[in-house]
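Protein sequences, first through last, are from chains A and B.
So for the first sequence, our numbering puts the first residue at 1044; every next one is plus one.
So for the second sequence, our numbering puts the first residue at 1258; every next one is plus one.
A hint or two may mislead.
Each pair of labels, with its calculated beta carbon distance range [what the hints assert, rightly or not]: (1) B:Trp1264 <-> A:Trp1064: 25 to 35 Å; (2) B:Pro1324 <-> A:Gln1475: 30 to 40 Å; (3) B:Leu1269 <-> A:Glu1252: 42 to 52 Å.
With a straight-line cut-off of 25 Å between C-alpha atoms, the simulated SDA-like cross-links for lysine to any residue are [what the hints assert, rightly or not]: (4) B:Lys1308 <-> A:Ala1202; (5) B:Lys1524 <-> A:Ala1202; (6) A:Lys1261 <-> A:Gly1400.
Note that these hints are calculated values from the structure, not bench results.
Yeah, the Cβ is synthetic: ideal placement off N, Cα and C, and Gly gets one too.
So the chains spell out like this:
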Amino acid sequence: MIRLLSIPVILAGLVAAAVFWSHDSGDSQRADFAFVNRGDNKCLDPNGMSWMQDIRIAYALWEGLYTPDPVTWKPVLGTADRATVDSTRTVWTIHIRPDARWSNSDPVKAGDFIFAWRRFLETPGEYTALHFYIRGARQYSADFADYFAARQKGDTKRAAPDFGSVGEKALDDQTIEVTLNDPVPFFPALLAFPPYFPMNEASMQPFKEKDGLHYNQKFTRPPYLVTNGPYRLAEWSFKRRLRMVASDYYWNRASVKSRVIDQIYAEDGTAAFRTYERGDVDWLAELDSDLAAQILAHGKRSDLHIFPAFGTYFYSLNCLPTLSDGRHNPLSDVRVRRALAMSIDREPIVKNVGRLGQPISFTYVPPHVFEGYVSPAGLPYDVARARRLLAEAGYPDGKGFPHLPILYNSEGLHGDIAQIIRRQWLDNLGIQMDLQGVEVKIFGEMQHTQQFAVSRASWYGDYADPSTFTDKYKSDSDDNEAKWNSPEYDRLCALAAKETDPQKRLDLLSRAEGILLNDAPIIPLYTYVNSYMFRDQVKGLPLLANAMLMFQPVHVIRSDDGKSSQ
Amino acid sequence: MTRFIAWRILQLPLILAVVYLITFALVWLAPGSPYGNNDRALSEAAKNDLKVRFHAESWEKFLTYYPWQIVAHGDFGPSLSYEGWSVNDVLRSSLPVSISLGLLSILIALVFGCAAGVTAALHRGGILDFLSLAAALIGISLPPFVVAGMLIVIFSDGLHWLPSGGWGEFRHMILPGVALALMPMAYIARLTRVSMLDTLGHDFVRTARAKGLPKRTVVWKHAFRTAFLPVFTYLGPATAYAMTGSFVVETVFNIPGLGQHFVNGVKNRDQTLILGTVLVYAAFLLVLNLFVDIGYALIDPRIEINARPE
């Protein structure tokens, strides 16, 4: 009997020990502002960063030479206190403010920026192309890759390419000179974007790997990570909590309203919503779309904020002459693409599937986000014309049109949207398509290697210039999944890049978008929306299309019930 | 006994190596790449750079680097999708959570399952037997995510007794522990009942009764001890289930356990993380089964491990 009883007793002891072992020793005090990000943090090294939730955190931890204005998101001087550009608008001289400090109290130097920018060319990340505006950068990056590959193979004689050929230099500890290929009117916006943030080399040195080039990513964790922004990283417990505390050395400390900010992890949409409902967080950065639709259907709650996003949902059509399975690709005919584009009624998609009042869209660049930019009209919904175009292309009433797959990733609502579109093409054009839902990782690979005829696609802009959208469909772009190739489009984009008059430039880009829409390698469907949840007590949280924020002005007015942390 | 244990322990690395190789073959051949996010195409240069950094240019490179690191340093390498973290970090952070949750649920399952089983057996055909059968059926039939949702609706949203999610205090563990315990509890209850009925009919129980021993002693000391053996055998797999099968419960209750990495690792094609979690789980299963075999010998005097025919 005693031996038998010992089983639950031992188990209970083990449970107690395990509970003790599994719990945080971290500070359980409620932060001044807590939120659930849109997903997990994957990488807090600006060099490898590309996920939105990481970029959000980057804006709190670092600061570029320019920084986004918290309200308008227009770039204003940040770590720099003055910047001048020469008459060709290609040579920038930027001066770092003397009171700019790293979170370890070291002064921020020009070399810290050059170090970070150089890393982008030597260990390329997803945003390396944003550095190719700088003279010589593209060439240097390619040469360095060759050099490094040769060195890996044991070729020690090969000389490293000369970094001096790249147009980025520290003139002294406070001054940076950047030489661009073209006048880039949005260069300040780029300087305010994480791929242009500085890095603190000294603090990363202990994490350098044996190849002399890469860094063990452990340097991005507290207490090792040294940053120059309004906040420093105080705690990062894997999948539990990320805590940022106001930096004691940030030059503009007066602008920081909340001292301690917590990001709480909640993977599942419903679990995240419960976390918000419990009051554990003040802001839910993305409410699960099903829940949002339910809340909307039951009458809007005042703490649900839905507003247009900086992204477009569209369908992409493969423009190559042959499909990946070797068949002739009917979509290589512009008339077929136009017919497909003009036979989709977007209303039922947003009304029945999207359900969050997404604005339907006939254009690629989202409306109203770029001041002075007007998109051309795009192809209308016109079934009669679509049928004529299809007949002209040799498929009257869809006869003889091969079965093509519609590729999408099965997560979320993409399958429902694909069904609607398949039905509409069948009803309007007599074309029978197949649905091909795959897991997102496979989807990404298939899309980027053109293993599709029709594919669901989306694009979010990065910085405040329409080229963040139009660049994607340049013929030499890695992101041009449709493999659409239009010399005229490329020419207009190149002209825009050289143009110094801001309005003329936007007009050139708009003409380029007109060509894209008319040629229909893509079929825009709707503009994404963001869905935030936060209560009235939360102040300083902007509703920006890009779903970004500067944390400095954000704070919560807590009622004096004695329980509040302040 | 010692020889038996030594033999089993010697087998462990061999089995783990086979598990590693099979898992590696599967993750390496699976379509989709661990690198990059899916909206943006990763340039070849950036992709190659990541592969160099992660020693994953080819399967030979991978297999000549990582297994050696595991054997020599106990290092599973960096996670390919959570770049700032190593697989060891991930395990260190989430394994204790899954273990404590799993152990708690097994404790709940064991105590309540055995009690229900014995009660049912003693009141065979009666109302308590029927109730216990009904409860067990529900427990076996309902998937954990339904149970979890119901528990939240009743005890959190309705009665406000317990939190609906989070991790950090004991009260956070109760609802997920119960949700996870229901299935093994039902199974244990049924096992105990059948086994108990069988045992109660044996001569030694009748003898004990005839000696005039109090009912409690007969039931618990004599009958239950024998009847418990099948339950004990089941404890190994049940504990493994509770520690590994908690993905759904972890998701619903937002618990930072290992189950989610098991699933998300596959979704992200995080090769090192998948291999790490699979190895740890495999090791757990093997060790737990070994414990059960040893415990068997301690509990049941009829079993003598050394008497293996050679």
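Status of each hint after checking the structure:
One distance hint, 25 to 35 Å for the beta-carbon pair Trp1264 (chain B) and Trp1064 (chain A), holds here, with the actual separation near 31 Å. The supplied range of 30 to 40 Å is broken by Pro1324 (chain B) and Gln1475 (chain A), whose beta-carbon atoms lie about 50 Å from each other. Our hint of 42 to 52 Å for Leu1269 (chain B) and Glu1252 (chain A) is violated, since their Cβ atoms are close to 32 Å apart. The straight-line distance between the Cα atoms of Lys1308 (chain B) and Ala1202 (chain A) is roughly 23 Å, inside the 25 Å bound, and the hint therefore holds.
For the hint pairing Lys1524 (chain B) with Ala1202 (chain A), the CA-to-CA distance comes to about 42 Å; that exceeds 25 Å, so the pair is violated. In summary, the hint linking Lys1261 (chain A) to Gly1400 (chain A) is not supported, as the alpha carbons are separated by about 42 Å, beyond the 25 Å threshold.
This entry does not satisfy hints 2, 3, 5 and 6, going by the numbered hints stated previously.
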